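Got chain A sorted already, so can you dock chain B onto it with the hints?
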Amino acid sequence: AQSVTQLDSQVPVFEEAPVELRCNYSSSVSVYLFWYVQYPNQGLQLLLKYLSGSTLVKGINGFEAEFNKSQTSFHLRKPSVHISDTAEYFCAVSDRSSGGGADGLTFGKGTHLIIQP
Amino acid sequence: DAGITQSPRHKVTETGTPVTLRCHQTENHRYMYWYRQDPGHGLRLIHYSYGVKDTDKGEVSDGYSVSRSKTEDFLLTLESATSSQTSVYFCAISDGLPNQPQHFGDGTRLSIL
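For the protein sequence lines, the chains are A and B, in the order given.
The first sequence begins at 5 in this note's numbering and counts up one residue at a time.
The second sequence begins at -1 in this note's numbering and counts up one residue at a time.
Calculated from the structure, these hints are not laboratory results.
Errors might be hidden in some of the hints.
Simulated restraints on C-beta separations [stated by the list, open to error]: (1) S84(A) - G14(B): 50 to 56 angstroms; (2) T90(A) - T3(B): 25 to 31 angstroms; (3) S13(A) - D60(B): 24 to 30 angstroms; (4) L60(A) - L95(B): 21 to 27 angstroms.
Since we're looking at a predicted model, the values are computed, not measured.
Even for Gly, the Cβ is constructed at its ideal location relative to N, Cα and C.
For reference, chain A alone in the conformation it holds in the complex (with noise of 0.2 angstroms):
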């Protein structure tokens, strides 16, 4: 069984400035990494994922994710945020003998990413 830890449920930061979103996770084997987000009154969409390979992985609006096995995570970062950042980011993991995901994802409780101007 896999579990996913997102340590803050809230992360205030101010428009033009960094922020990383924090994740992780426990498995007993071997998983896929994702980041999703979901905007007000929304599906979640994908944002970036690691499946194997470089540890930096580069998503979509300017977001990366750095996977680090030793420390179990799997941290969002975006060097320069804007309004339009403003969501709930969620980590999943899957496991890799599933396939990928085919048995469904574990995902975190959240994390509600606020813009401030």
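Relative to the frame of chain A, chain B by itself:
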């Protein structure tokens, strides 16, 4: 957007009534999922399907049943709705390959009074 349609988008009903939510896809993906989203809990898997008439339970399956008689449709049924099932329900689809992760519908907001 991936071709996923959830219906209805909003529903208010009373405790004890049956409720069925529908997810329809036009992508011909093998896998379909139902999640519920609650404040402080993120998304939790209710049931999923890996083919027509092939389904399995997720983390929070009690009180829910599902059916998939066609590739494109995945139904979630609350046989006798309870207030604890008030939530936002999301359908997702996937072809099961890791480089093609799950795509989500826009959700159904269900209120049970």
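Results for each hint:
no.: 1; hint: S84(A) - G14(B): 50 to 56 angstroms; verdict: holds (52 angstroms)
no.: 2; hint: T90(A) - T3(B): 25 to 31 angstroms; verdict: holds (27 angstroms)
no.: 3; hint: S13(A) - D60(B): 24 to 30 angstroms; verdict: holds (26 angstroms)
no.: 4; hint: L60(A) - L95(B): 21 to 27 angstroms; verdict: holds (23 angstroms)
The structure agrees with every numbered hint stated previously.
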